[in-house]
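Note that the protein sequences, when read in sequence, are chains F and D.
Here my numbering runs 30 ahead of the position in the first sequence, where the first position is 1.
For the second sequence, counting from 1, position 130 maps to 124 in my numbering; every step adds exactly one.
The set of hints was computed from the structure by calculation and includes no laboratory data.
Mixed in with the good hints there might be a few duds.
[As the list claims (entries may be wrong)] Quick partial rundown of chain D residues pointing at chain F, CB under 10 Å, derived from the structure:
1. 28
2. 48
3. 84
[Stated by the list, open to error] If you only want the chain D side, here are some residues facing chain F, beta carbon under 7 Å, derived:
4. 1
5. 3
6. 4
7. 5
8. 31
9. 32
10. 40
11. 43
12. 44
13. 66
All C-beta atoms, glycine included, are put in the ideal place defined by N, C-alpha and C.
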Amino acid sequence: MIAPRSSLPLGANGVAKGHLIDPAACVACLACSRTCPTNAIRVRDELARIKYELCIDCGACVRACRHGAARAATTPPSDLARFEHTVAVPSLTLYAQFGRDVAPARVLYALTQLGFDAAYDISWMCEMLAGATDAYVNEGRGPWPKISVTCPAVVRLVQVRYPGLIANLVPIETARELSGKLLRRRLSAELGLAPEKIGIFFITPCTAIMDSILSPVGLEQSYFDGALSIAEIYGPLLHELQTAPPDDAITDEISPRGLLWAMAGGEIAGMRDANTMTVKGTDVQHVFDRIEAGTFQGVDFIEAYVCPDGCVSGGLTVEGRYAAQRNIQQIAKSLGDSPAVGEERIRRLLREDFFAVSEEIRARPVQPLGRDLREAVARQKELKELIPMLPGKDCAVCGAPDCATLAEDIVRGEASLDDCVFVRIARLEDDLRAREARAHE
Amino acid sequence: MAAEATAPLLVERFAIQGGDYEHGGDAAARIKVIMRQLGIDPDLMRRLSIANFEAEMNLVMYAEEGVMEFQVHADALRVIVADRGPGIPDIELAMQEGWSTATPEMRARGFGAGLGLPNMKRNSDEFEISSTVGTGTTVRYAVHLA
């Protein structure tokens, strides 16, 4: 494990996390545990705890918490002071936060007025990746369909729940990390600074990207030094946007096709291959189940997001997801539809292996019920006997999100049957009846 | 067979109803959950899941009713799918890639590409099929644990 570069609070096992539960604020209300799509939260001893080995960093708990306990742990702005030159790289979703009439160039300029020495756009990199993905899918090597790695929570979901689909993940690095890689190389040369003196920060719409910076997948170390949330810089940025930038302020070319990557469907919209599909939110697991069963042979490529509409619906955004989608579409439209990236450039970078992930993506399968097959089978049998003893109401009061999960916790030795209030009430009633019967004798 | 002689460590049975497309695939999905809990190797899990799903959908499409039995042995995972149904008149023909009797309705649902039985065989380490016309079909297949 690589030491985190930013001074973040640490989660379980001393590993920095992009989201965590603050024990001081937690009221043990069960909201997070019931919403978690991978049943990774337990509420016991008046505190919700994330079992990070099951967690896919989707941030659903952060959205569900009404007490500010489950929260994002993004980079504290004071971290910027540790660098000689600071750079902001905003998620495309940031452009969608300020209505239809604020051009991306103005947002980038406003970021420099907030204290960053520079701000860079990644839309052109997204457009380039659409071409690289087309080229990869065209090579025609199975298994099918290929699955995009753009959403870090989807990658974690595959690692944890669908290890059989790791071979389906497109081994192309994300647009944000590739931009970070290029920027660090370029700025270090241009400014004559050591690469580590340059602080590159992502402006993130979700906790999942923060988590992917802290513990990257397919990459030894992130090219980013941290991430600030769109929500926390929204106010100051809105203020800075009132000042019009000088004409020559930002020269970055914005790619209208790349901009659409902020929303679900944007990634495949820029691809030549039309045999593609977008899957979002809770449907992702249904579709992945079907892919594992081998019934998606007719599809070449799937872009998947754990958020309901892609990045514009990330948990750390301000603008509502419907308005944000309209904004980004209108902004893209106003920029025209000419490609911002030449195909020759994509082909050259492909030949250099520029886009490839640098490390193998590994499975992180859920811990089996036992240490070996025999023990696991014995516990599986215990599990089957336990299920009818539980009420099946999935009330979550025991601390596990549903009865089946409680049964699993019991056979793993992490909970007991007495944790179930219905079981306890039934036992008390039995005792009472027995006592009454004795009194009548 | 020697492997059949040893009692399985675990047996789970699932009833499957012919024509029930809504729940077609549920048995395969539940077996997958069990395999995950048992810590089965992802590649084996993937291969057996593909075979299970094909077997289950074949049953849903063609038979009246049947049972999928999942057995965990120390050296293998075995599945027996037995149905009451029309049976297969020519098994050799049915085992050929691309051969299918699927109706347009089944094809509309994405099935009936004639990949079913050969695909099951390809994804298992043992494969056996027997059928009596007018009575039903039994398929047995297994993947070997390393």
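Each hint tested on the structure:
For residue 28/D, the suggested interface contact is upheld, since its CB lies about 6 Å from the closest CB of chain F, less than 10 Å. Residue-level restraint check for residue 48/D holds (minimum Cβ-Cβ distance to chain F is 7 Å; threshold 10 Å). Given the 10 Å rule on beta carbons, the hint for residue 84/D is violated: about 25 Å separates it from the nearest Cβ of chain F. Interface hint status for residue 1/D: violated, as the beta-carbon distance to the closest one in chain F is roughly 12 Å, over 7 Å.
Annotation: residue 3/D was flagged as interfacial toward chain F, and the flag holds, the nearest CB pair being 4 Å apart, inside 7 Å. Below 7 Å, beta-carbon pairs count as interface contacts, and residue 4/D has one with chain F at about 5 Å; its hint therefore holds. For residue 5/D, the interface hint is violated, the least distance from its beta-carbon to any beta-carbon of chain F being 10 Å, above 7 Å. This hint holds: residue 31/D has a C-beta 5 Å from the nearest C-beta of chain F, less than the 7 Å allowed.
The beta carbon of residue 32/D is positioned within 7 Å of a beta carbon in chain F (closest approach about 4 Å), and the interface hint is therefore held. For residue 40/D, the shortest C-beta to C-beta distance to chain F is roughly 4 Å, which falls under 7 Å, so the interface hint holds. Annotation: residue 43/D was flagged as interfacial toward chain F, and the flag holds, the nearest CB pair being 6 Å apart, inside 7 Å. Because the closest C-beta pair between residue 44/D and chain F is about 4 Å apart, less than 7 Å, the hint holds.
Restraint check, residue 66/D versus chain F: the minimum CB separation of about 6 Å is within 7 Å; hint holds.
Going down the numbered hints, you'll see the structure goes against 3, 4 and 7, while the others check out.
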